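Trainee: Next come the chains, spelled out residue by residue.
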Amino acid sequence: MHGSLPRPARTTRRRSAAGAGDRSARARLTLVVLVALLAASALLGLGQGASGASALRVLVDALAPGGMPVAAQDRVIVLDIRLPRVALGMLVGAALAVSGAVMQGLFRNPLADPGLVGVSAGAGLGAILMIVLGGGVLAPVAALLGLYALPLAAFAGGLGTTVLLYRVATRRGQTSIATMLLAGIALAALAGAFSGMLVYLADDRELRDLTFWGLGSLAGATWSKLAAAAPVVLPALLAAPFLARGLNALALGEPAAHHLGVPVQRLKNAAVVAVAAATGAAVAVSGGIGFVGIVVPHLLRLLIGPDHRYLLPASALLGASLLVAADTVSRTVVAPAELPIGIVTAALGAPFFLWILLRRRGVLDL
Amino acid sequence: MIETRDLAVTMGRARILSGVDFAAKAGAVTAVVGPNGSGKTTLLRALSGDVAHTGTVTINGRALAALKPWQAAALRAVLPQHTPLAFPFTVGEVVRLGLTGGDAGAAGAALPERALARVDLAGYAGRLYQELSGGEQQRVQLARVLCQVWQPVAGGAPRWLLLDEPVSSLDMRHQLLVMRIAADFAAAGGGVVAVLHDLNLAAMFAGHIVMMKQGAPAAAGPPRTVLCDAVLARVFDCPLAVGRVPDDGTPFVLPQAAG
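Residue numbers (numbering that gives the first Met the number 0), protein chains in the order written: chain L, 0 to 365; chain G, 0 to 258.
No lab work stands behind these hints, which were simulated from the structure alone. Computed from a prediction, not measured in an experiment: that's the story for all the values here. Where hints are given, some of them may not hold.
Residues from chain G that keep clear of chain L, each with C-beta distances beyond 12 Å, as calculated [claimed, not checked]: (1) Gln140; (2) Gln150; (3) Thr249.
Lysine to any residue pairs mimicking SDA-like chemistry, simulated, CA-CA at most 25 Å apart [claimed, not checked]: (4) G:Lys67 / L:Pro254; (5) G:Lys67 / L:Arg244; (6) G:Lys67 / L:Arg107; (7) L:Lys267 / G:Lys24; (8) L:Lys267 / G:Val50; (9) L:Lys267 / L:Arg207; (10) L:Lys267 / G:Leu98; (11) L:Lys267 / G:Pro151; (12) G:Lys212 / L:Gln264; (13) G:Lys67 / L:Leu181; (14) G:Lys24 / L:Arg244; (15) G:Lys67 / L:Ala269; (16) G:Lys24 / G:Pro68; (17) L:Lys267 / G:Asp49; (18) L:Lys267 / G:Pro68; (19) L:Lys267 / G:Gln70; (20) L:Lys267 / G:Gly48; (21) L:Lys267 / G:Ala65; (22) G:Lys67 / L:Gln264.
Output of the computed footprint for chain G on chain L, the stretches with three or more beta carbons under 8 Å from beta carbons of chain G [stated by the list, open to error]: (23) 107 to 118; (24) 252 to 261.
C-beta: ideal position from N, C-alpha, C; glycine also.
Turn these sequences into a full structure, and let the hints guide you.
Mentor: Here's what the structure looks like:
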């Protein structure tokens with residue numbers, strides 16, 4: 000879409016009555032389309048599965064009891080197996096995509112992604128700590144936090160990593176992308192090493208939990224998992240729109256954002272906490288699902304431009320539908336077995352990431 | 000009025016500014032000139048509130064350090080030397096960022112187009128910023144800055160334009176255009192502090208020149224008194240002969256006249 004724009008004057012001036020260069024009308028239309036897409040992928044996710052249970056019948060029955068005969072088993076499959084899974088997919092997809100978009104705005108770089116720069120690894124370390132030590136040293140903490148122990152531990156791990164990363168990569172308000180990516184590699188390796196050590200401490204039951212969790216999957220989604228993650232993710236998602244104007248100004252650089260009246264330090268703190276919360280909770284319930292945070296915002300920037308007021312909600316919607324769709328594929332393509340969703344997103348996301356690199360080759364400010 | 004008292008800035012171990020008593024009055028362009036490394040840009044960054052410093056900076060009598068970012072943003076706008084952008088924003092979107100902390104309200108919607116027309120970029124709103132030349136980008140940023148403080152006077156107090164080498168990437172026509180915008184802003188009651196390299200533009204458009212040398216003002220005053228052979232030789236360490244425009248006596252300096 001770049002490069003072939005008309006020269007100024009006539010063509011653009013005609014549009015100027017409606018505000019030339021204002022892509023907000025297109026962005027609003029896109030948001031409407033994305034809502035429809037999310038509804039469609041949710042229905043698809045509810046309808047498809049290893050069993051032939053009909054979501055339509057169950058839904059009709061739920062709305063107008065007795066309208067259609069439904070087997071009790073089908074009702075359980077749709078409402079207690081598929082529905083929590085679809086809801087968790089939406090929550091995790093929105094969390095991953097929005098954290099990607101916020102982090103890219105914060106670091107002023109479209110390649111920043113919690114998965115790439117070690118935030119997910121840090122969150123994973125927090126989760127593993129809680130899984131392995133939750134029955135031992137951390138037992139009082141685990142008992143106190145109950146259901147929320149795992150997502151909060153992952154949040155703490157993600158927060159620690161993001162703060163460390165920002166401190167290392169930023170000097171006098173300028174973030175070095177090269178330092179950030181390299182520091183991310185180091186932090187991910189460090190978190191991986193600690194996680195590996197913890198695996199040696201784990202007993203059989205904990206090992207099973209770890210393996211299950213580490214595959215990057217929405218399998219085993221339950222209402223209680225959803226109830227654990229949602230209180231951590233939803234506040235972060237709801238806070239994101241309030242960061243939008245600040246992140247737009249931040250695209251000009253920290254000094255310019257400050258000159259425009261943005262309280263830069265507060266903005267950065269809020270963004271770091273939001274990213275860590277959303278990523279941490281997503282990692283806690285679904286393991287490492289990669290590339291959603293980089294692919295979704297990038298596609299949307301091509302479509303509606305980088306204005307965060309539209310980019311953030313659009314990322315939430317597209318991330319949610321993408322993950323629900325990918326999850327539906329992952330559990331139907333080799334049914335009755337299922338493919339971990341992390342494999343699906345990596346298989347699609349990694350080539351896409353390479354494509355971004357190719358397009359930016361020569362302009363990447365390493 | 001923007002004033003500093005005993006301003007000092009240290010970066011690492013280097014003392015960039017020391018003992019700077021600087022004053023700029025609204026109603027005229029104040030040009031900050033001087034050789035490379037004399038602290039011009041650091042002075043402007045201190046006036047913008049970007050660098051840690053000792054001493055005081057006041058803007059319209061209020062201590063800059065005590066102002067919240069949005070309060071400062073209502074008083075002054077800052078044009079950086081160059082502004083690379085992280086994402087593919089359009090020109091129109093960049094200029095509208097000038098309204099971020101603004102109080103323009105409903106009148107604000109029309110400002111970006113007017114500001115773009117002012118910097119000779121009418122019709123560019125739909126272009127991608129990253130595809131423009133350096134000089135065009137600099138003018139887009141000026142349009143953004145003008146949007147932020149469109150009215151030179153607000154609530155009876157002057158607002159300020161702080162410009163860091165505003166003409167550094169511009170051709171001759173646009174250099175004159177930008178300097179006229181600055182001069183008009185000042186003539187309408189606003190204040191302008193501009194870091195300039197071009198002594199001739201400073202002589203033409205500034206009412207007050209502050210000449211920096213080694214982190215402190217070496218001379219300050221109207222162009223006619225500051226731009227003279229003795230001061231230039233001392234500050235720039237290069238013997239320069241100052242000419243006078245026959246019509247009105249405005250000083251000018253030609254590199255050919257360097258001895």
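Trainee: Run every hint past the structure and note whether it holds.
Mentor: Here is what the structure says about each hint:
no.: 1; hint: Gln140; verdict: violated (8 Å)
no.: 2; hint: Gln150; verdict: holds (16 Å)
no.: 3; hint: Thr249; verdict: holds (32 Å)
no.: 4; hint: G:Lys67 / L:Pro254; verdict: holds (14 Å)
no.: 5; hint: G:Lys67 / L:Arg244; verdict: holds (17 Å)
no.: 6; hint: G:Lys67 / L:Arg107; verdict: holds (24 Å)
no.: 7; hint: L:Lys267 / G:Lys24; verdict: violated (35 Å)
no.: 8; hint: L:Lys267 / G:Val50; verdict: holds (18 Å)
no.: 9; hint: L:Lys267 / L:Arg207; verdict: violated (38 Å)
no.: 10; hint: L:Lys267 / G:Leu98; verdict: holds (21 Å)
no.: 11; hint: L:Lys267 / G:Pro151; verdict: violated (32 Å)
no.: 12; hint: G:Lys212 / L:Gln264; verdict: violated (33 Å)
no.: 13; hint: G:Lys67 / L:Leu181; verdict: violated (35 Å)
no.: 14; hint: G:Lys24 / L:Arg244; verdict: violated (33 Å)
no.: 15; hint: G:Lys67 / L:Ala269; verdict: holds (18 Å)
no.: 16; hint: G:Lys24 / G:Pro68; verdict: holds (22 Å)
no.: 17; hint: L:Lys267 / G:Asp49; verdict: holds (16 Å)
no.: 18; hint: L:Lys267 / G:Pro68; verdict: holds (14 Å)
no.: 19; hint: L:Lys267 / G:Gln70; verdict: holds (19 Å)
no.: 20; hint: L:Lys267 / G:Gly48; verdict: holds (18 Å)
no.: 21; hint: L:Lys267 / G:Ala65; verdict: holds (21 Å)
no.: 22; hint: G:Lys67 / L:Gln264; verdict: holds (12 Å)
no.: 23; hint: 107 to 118; verdict: holds (count 3)
no.: 24; hint: 252 to 261; verdict: holds (count 8)
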